[in-house]
Amino acid sequence: MYLDILQGSLLQIRSVSTHGAFFKARDRSVYYESQLIHEFYLLLKYDDFNDLDICFLNKNARWYYEDCSEKKSFLYEHQLKRISSLFSLVPEEMNNKLEWHGPEVK
1 MYLDILQGSL LQIRSVSTHG AFFKARDRSV YYESQLIHEF YLLLKYDDFN DLDICFLNKN
61 ARWYYEDCSE KKSFLYEHQL KRISSLFSLV PEEMNNKLEW HGPEVK
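Using our numbering, you'd call the opening residue of the sequence shown number 1 and step up by one each time.
Honestly, the hints are just simulated from the structure, not real lab data. Just to be clear, a hint being listed does not mean it is correct.
[To be verified] Dumping the calculated DSS-like pairs for lysine-lysine here, alpha-carbon to alpha-carbon at most 25 Å:
no., residue 1, residue 2
1, Lys106, Lys59
2, Lys59, Lys72
3, Lys45, Lys59
4, Lys97, Lys45
5, Lys97, Lys81
6, Lys81, Lys71
7, Lys81, Lys106
8, Lys81, Lys59
9, Lys97, Lys59
10, Lys45, Lys81
11, Lys71, Lys59
12, Lys71, Lys106
13, Lys72, Lys106
[Unchecked claim] Pairwise CB distance ranges, derived in the manner of DEER restraints:
no., residue 1, residue 2, range
14, Tyr46, Asn95, 16 to 26 Å
15, Val90, Thr18, 28 to 38 Å
16, Glu93, Arg28, 30 to 40 Å
No residue lacks a Cβ here, since even glycine has one placed at the ideal position from N, Cα and C.
Model the full structure from these sequences, guided by the hints.
See below:
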């Protein structure tokens, strides 16, 4: 799931970076997508869920859900579905560490 989030974000960042300065200045999606994935180098080191994954879901994923929107990033709904899928993968014994129940997906 992390790789799907990463792929979507990197493709969006790359796409926006190929446009001119005016377009880049108006498109805030790069900010939201890069903030979502900026700690993935830590998460992708491990196969099993651990406290870093919980931290990502509690902080980065929640921030993205609350601060981003479809108007700010066309990937928003797709990323929320992926984040929601991550919540379903949290081992039962770690659920008590989650500070929220995940995004409400349309």
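Hint check:
{"no.": "1", "hint": "Lys106 - Lys59", "verdict": "21 Å, holds"}
{"no.": "2", "hint": "Lys59 - Lys72", "verdict": "19 Å, holds"}
{"no.": "3", "hint": "Lys45 - Lys59", "verdict": "19 Å, holds"}
{"no.": "4", "hint": "Lys97 - Lys45", "verdict": "21 Å, holds"}
{"no.": "5", "hint": "Lys97 - Lys81", "verdict": "21 Å, holds"}
{"no.": "6", "hint": "Lys81 - Lys71", "verdict": "17 Å, holds"}
{"no.": "7", "hint": "Lys81 - Lys106", "verdict": "9 Å, holds"}
{"no.": "8", "hint": "Lys81 - Lys59", "verdict": "17 Å, holds"}
{"no.": "9", "hint": "Lys97 - Lys59", "verdict": "12 Å, holds"}
{"no.": "10", "hint": "Lys45 - Lys81", "verdict": "23 Å, holds"}
{"no.": "11", "hint": "Lys71 - Lys59", "verdict": "21 Å, holds"}
{"no.": "12", "hint": "Lys71 - Lys106", "verdict": "15 Å, holds"}
{"no.": "13", "hint": "Lys72 - Lys106", "verdict": "17 Å, holds"}
{"no.": "14", "hint": "Tyr46 - Asn95: 16 to 26 Å", "verdict": "18 Å, holds"}
{"no.": "15", "hint": "Val90 - Thr18: 28 to 38 Å", "verdict": "37 Å, holds"}
{"no.": "16", "hint": "Glu93 - Arg28: 30 to 40 Å", "verdict": "38 Å, holds"}
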